[in-house]
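Visitor: Each chain, letter by letter, is given below.
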Amino acid sequence: MNVRPLLRRLPAVLVAGAAVGVWYLISMVVLAEDRRFLFPPPHDVVREGFLDGDNRAELLDALLLSAQVASLGLLISAAGAIAMAILMSQARWLERSLFPYFVVLQVTPILALVPLFGFWWGYGFSTRVLVCVIIAFFPILTSTLFGIRSADASYHDLFRLQNAGRLTRLWKLQLPAALPHIFTGLRIAAGMSVVGAIVGDFFFRQGQPGIGVLIDLYQSRLQSEQLLAAVLLSSLLGVLVFWFFGWLARIVVGGWHESADEPGVKG
Amino acid sequence: MTVADADEAAPVSGTGPVLSLGAVEKRFPDGTRALDPVDLDVAAGEFVSVVGPSGCGKTTLLRIAAGLAEPSAGAVAARADRLGYVFQDPTLLPWRSVRTNVELFGELRGVPRAERRKRADAALELVGLTDFAGHRPRALSGGMRMRVSLARSLSLRPELFLLDEPFGSLDEITRERLDDDLLRLFAAERFAAVFVTHSVLEAVYLSTRVVVMSPRPGRICGEFTVPFGYPRGEGLRYDPELNRIAAEVSACMRAAAQ
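Quick note, the sequences are listed as chains A and B, same order. To convert a position in the first sequence, counted from 1, into the working numbering, add 8. To convert a position in the second sequence, counted from 1, into the working numbering, add 5.
Rather than coming from a laboratory, the hints here were simulated on the basis of the structure. All C-beta atoms, glycine included, are put in the ideal place defined by N, C-alpha and C. Take the hints with a grain of salt, since some may be wrong.
Claimed, not checked - Computed beta-carbon distance windows for the label pairs: (1) A:F133 - B:R118: 28 to 38 Å; (2) B:A48 - A:Y109: 38 to 48 Å; (3) A:V260 - B:D44: 43 to 53 Å; (4) B:G115 - A:Y109: 54 to 64 Å; (5) B:R32 - A:D165: 39 to 49 Å; (6) B:P99 - A:G173: 14 to 24 Å; (7) B:A119 - A:R16: 51 to 61 Å; (8) B:G234 - A:S162: 52 to 62 Å.
Claimed, not checked - So, partial list: chain A residues that the calculated Cβ filter (under 7 Å) puts toward chain B: (9) L119; (10) A161; (11) Y163; (12) H164; (13) L169; (14) Q170; (15) A172; (16) D224; (17) G262; (18) W264.
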């Protein structure tokens, strides 16, 4: 077995160990016993949050729902944003007329929009997905548009030499060249979509609870072990989607584009 | 095996130049004169080098000849259906293998898959890269990438081959080797070639004719015939007669720069 990949992960593992150590230090040493409930030690979080069957089921169900909301939102967003970027790259007037409004949508705090959406369409599954679609759209749109434009003029000349039209150039030159950028956008958007699913939850108190609803609930009930467990799970979800898109990018463009190389590793 | 085996298309029929530029001028929208009227005829079997200082419009001239840029005035007549063009950079598509990069031109021209594969393999053999056909460009050295770029044009079996300072960014040894490769290919295929460079010695070594351009706005200020036949070999590089011609070309360039 090759130990080098393990050695490469060693620093990150050490940091994780140190973080757990600091966590214990704060809950067991810094905090007096009557205030320990504010930041319970790791083993209490694991026992309450993950080993207790009911609590675990509650957390995992909520996590699954949030994951579904986030992935469906991301999927719709990706399809829409990539299609929109392609259209914009082919018609400047479309970009000129629509892009400013995508910027407006992007800079409007999503928290300001959620109550409005709930007011209009209720707080069901589709409204939750819509929040994720909106939050994930812009990074995919801009990175795809940038990627499509990233092909150098000399490459366009290369195609024009043999009289290739703009659709041929789009299909055989610009879209392949855009792929690494699209993956970068997807990676950012995926993380934001998870955030969107969880933050949106704070407004969606009806129906099946997502992980954000649980966080809100545990906080109000001072169930700090479960609260921390929920926080850990939501960051785990974020890490998972981030890792997934990194892996996908390596599969698709890793053979030819250096962006898919693992950070800190050459060759 | 040459690329000709894979494609029995007739060479340029009839006589007369393959490329004919008549009083071609280029002015940029801001009024800068890039090219003053230039006349240049290139016949089949001729290898014409264009030398001149940086920014004299050599590349512009080549782009006009290829139809990539429009002249502001003058006439361009290229009687070549199959046009080869090598840019300063290899301009290979990084997501394609060496072989499918070489196939690109045929693919864009609608050559059937089996046929263009055959031609690509023949072209790769000509530049000595058969063993690298399945590699991605990023695995190749700069000189090898340039060879792939040459093969991409050769796979068309070009009637007119335009080369824009193709070896300018390579180290001297690689550059000399690629010059010799190009000479070998030219001797075998006898296309009409226009080769842009700022190296006088390279120009004389490769060409049947060397054209000197003045600093911007570029115009042709001298023409030299190089009386050596092909194939040409390594030894010619140090031939006194060749070096005498090179000295004349250099003097002409310096005089134009005054």
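Visitor: Are the hints correct? Go through all of them and say.
Guide: Each hint, compared with the structure:
no.: 1; hint: A:F133 - B:R118: 28 to 38 Å; in the structure: violated (47 Å)
no.: 2; hint: B:A48 - A:Y109: 38 to 48 Å; in the structure: violated (59 Å)
no.: 3; hint: A:V260 - B:D44: 43 to 53 Å; in the structure: holds (51 Å)
no.: 4; hint: B:G115 - A:Y109: 54 to 64 Å; in the structure: violated (41 Å)
no.: 5; hint: B:R32 - A:D165: 39 to 49 Å; in the structure: violated (20 Å)
no.: 6; hint: B:P99 - A:G173: 14 to 24 Å; in the structure: holds (23 Å)
no.: 7; hint: B:A119 - A:R16: 51 to 61 Å; in the structure: violated (45 Å)
no.: 8; hint: B:G234 - A:S162: 52 to 62 Å; in the structure: violated (35 Å)
no.: 9; hint: L119; in the structure: violated (41 Å)
no.: 10; hint: A161; in the structure: violated (10 Å)
no.: 11; hint: Y163; in the structure: holds (6 Å)
no.: 12; hint: H164; in the structure: violated (9 Å)
no.: 13; hint: L169; in the structure: holds (5 Å)
no.: 14; hint: Q170; in the structure: holds (4 Å)
no.: 15; hint: A172; in the structure: holds (5 Å)
no.: 16; hint: D224; in the structure: violated (46 Å)
no.: 17; hint: G262; in the structure: violated (11 Å)
no.: 18; hint: W264; in the structure: holds (4 Å)
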